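**Student:** With the hints as extra help, turn the sequences into a complete structure.
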Amino acid sequence: MSNATLEIRNLHARIPGGEPILRGVDLVVPRGEVHALMGPNGSGKSTLAKIVAGDASYEVTDGQVLLEGEDVLGLAPDERARAGLYLAFQYPVEVPGVGIANFLRLALNARRPEGEEIGVMDFYQKLQTAVKALDWDESILERNLHEGFSGGEKKRSEILQLLVLEPKYAILDETDSGLDIDALKVVAQGVNAARGPDFGCLMITHYQRLLNYIVPDRVHVMVDGRVITEGEKELAMELDQKGYEWVREQVGA
Amino acid sequence: MSDLTNVNPDAEKLQGMEHTKQYDFRLPEEYFYRSEKGLNKRVIEKISYFKEEPEWMLKFRLKALEIAEKKGPPKWGPDLSGLNFENIYFYIRPNEHKGTVDSWEEVPEDVRETYRRLGVPEAEQRALAGVGAQYESEMVYHKLKEEWEKKGVIFLDTDSGLKEHPEIFKEYFSTVIPPEDNYFAAVNSAVWSGGSFVYVPEGVEVGVPLQAYFLLNAQSIGQFERTLIIGAPGSKFHYIEGCTAPAYNTDSFHSGVIEIIAQDNSQVRYSTIQNWSHNVYNLVTQRALVHAGASMGWLDGNLGSKVTMKYPSCYLVGERAHGEVLSIAFAGDGQHQDAGSKMIHAAPHTTSSVVSKSISKGTGRSSYRGLVQIYEGADYARSNVECDALLLDDVARTDTYPYIEINEKTAHIGHEATVSKLDDEQIFYLMSRGLAQHEAMALIVRGFLDPVAKELPLEYAVELNRLIELEMEGSVG
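So the sequences go chain by chain: A and B. Just so you know, we're using this note's numbering here: the first sequence kicks off at 1 and counts up by one. Just so you know, we're using this note's numbering here: the second sequence kicks off at 1 and counts up by one.
Hints were generated in silico from the structure; no laboratory data involved. Given the structure is predicted, the values throughout are model-derived calculations rather than measurements. By construction, the Cβ of each residue, glycine as well, lies at the ideal position given by its N, Cα and C atoms. Errors might be hidden in some of the hints.
[What the hints assert, rightly or not] Partial list, computed: chain B residues near chain A (C-beta under 8 Å): (1) G203; (2) L422; (3) E425; (4) F428; (5) M431; (6) A436; (7) L443; (8) I444; (9) R446; (10) G447; (11) D450; (12) P451.
**Tutor:** Structure follows, in structure tokens:
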């Protein structure tokens, strides 16, 4: 299973007609591991996340995104999702009138062959498990997708969906931002519940704080549209103390 | 957890559905009698003769014709220049069957076949024993649950209503919408045929909705149903009408009149989802007279048609009367949905609420045209209007024409209007969860309509979703 990875290879991208945002990103997340992607504002982390998910507002000028060896850049966002990719959005949108439970069932069934839709009981159990992992009340499932949700509830919903949809690889785009410490713990608890040999994860964050609760197997540091260094979890701690300028100097970027 | 036990039944039904022109078919036409084309005295005399009507009705029809001729079509609103009466049959009576039948088996096979192909619900299997279906201009299938009959509930086609209950009929007919009201009401009054006649006696509650399903199946047919609904004091019931019309070649005309009398403390609800084929002029007058303490709700779904003009109204004439309109309009390419509501507050402490949801696609245009009127002396009236428009692309158009007339200082009026475009971010978000683009768009639209759709019985909500899905075909890209 040597190719059981999500690999980003030499990825270059920009807003059509604009300056490059990604300038050759290289990064590998093996399935079964949780990695952190850190970097200062404007380094291109969120852009990377959206491009991997298939956001059409960016133009990829070079490189590949390999999902277990297959380049997914030619696929539509829904095809990527069905192939096993998941993005927890930094700012999840509201979709008024669309109930979370209904939506998740549609999303689950979209991944299954026709005629093999998930049974009501199985589905209900999945939801219950996910809700419990996030210390949430079941009544949340009757609410509409992010309608009237607080910032923290939206982040929690992103992890709830992750737990129900069980992707092979997930990118969490600043899932910790805007959370108080209690909410952060709950979200971390959810991500840790998803951890296992079949799940690869890339957590984008500014702060080391999140990594106290979700201990990464590896840390990548992104500056100016490139991953300039990577290391063990201690790297995150060092970054927190010394700042990104220090890494820049270290690698001569 | 109702949400979980009923998780998305529509998705199941939508799945694997053929995205062909499902409603684009007709069965061979076999007619018993068809009037000459055009509207004139001769045609009206024949209609009345065939129906064996009392003298007063013939006189009423002829007078209405005079009024129509004097009035002429309205000079405001959508373009009606394509409507040509010379090409329209104003009365068609179907083959074989005369009047209504009591069981599904008695309905002619070709009619049943049409229903089946339209996907009309398992009407006769469910608790819908009271289904009334209109084939062409006449009811051919009509049955009332025995328990209702025991309670004294009358649910008939309007022609039978006139014959079997002449006193009640004459007392209320045309009292809410006289022919003088507007041109199309006058035309309907002259040539009406079919429709439902409902009378629910004092204090009677009807648990299962009274439903009528009717359709058109011929070229250039005028369909002029006339519905008269009376809720006696303290009664409570829900009347539902669905309509899915097959396609034809030439311009067609539908002009119904629906009169409702909600007497003291009654609760009456009228729901309709209509899907006219894209050449139909759909010009309907529907109005309720709402007495003291009574509550009247219109749920109005307008799909299809070439032009729709429809403004369900509540005349709140008794103290604490309440009126409600929930409306949905979908304007696809080349269509103009001019829909809205009228709330007339003519008594103290009356309340009204309007929620209008419109969707426009391509060259489609939807308009909200609404009136809230507070009469002098209608103290402490409250009204709230909310209209939301959703545009599926950059070409589509929507307009709002709210009219508010307040003659009482204590009135409390709210009006809110929003216009939004189908949001790329929402589509991307839903796709990133695995939904195909068209599924994502349909889901957003369903969510937009949800505040209204959830007021419908489940099978109608499913039908509505299916129709919207069909209307949205080709909007991906």
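**Student:** The structure should be examined with respect to each hint, and the outcome stated for every one.
**Tutor:** For each hint, the structure was consulted:
{"no.": "1", "hint": "G203", "in the structure": "violated, 35 Å"}
{"no.": "2", "hint": "L422", "in the structure": "violated, 11 Å"}
{"no.": "3", "hint": "E425", "in the structure": "holds, 5 Å"}
{"no.": "4", "hint": "F428", "in the structure": "holds, 6 Å"}
{"no.": "5", "hint": "M431", "in the structure": "holds, 4 Å"}
{"no.": "6", "hint": "A436", "in the structure": "holds, 5 Å"}
{"no.": "7", "hint": "L443", "in the structure": "holds, 6 Å"}
{"no.": "8", "hint": "I444", "in the structure": "holds, 6 Å"}
{"no.": "9", "hint": "R446", "in the structure": "holds, 7 Å"}
{"no.": "10", "hint": "G447", "in the structure": "holds, 3 Å"}
{"no.": "11", "hint": "D450", "in the structure": "holds, 3 Å"}
{"no.": "12", "hint": "P451", "in the structure": "holds, 7 Å"}
The structure does not agree with the numbered hints 1 and 2 stated previously, though it agrees with the rest.
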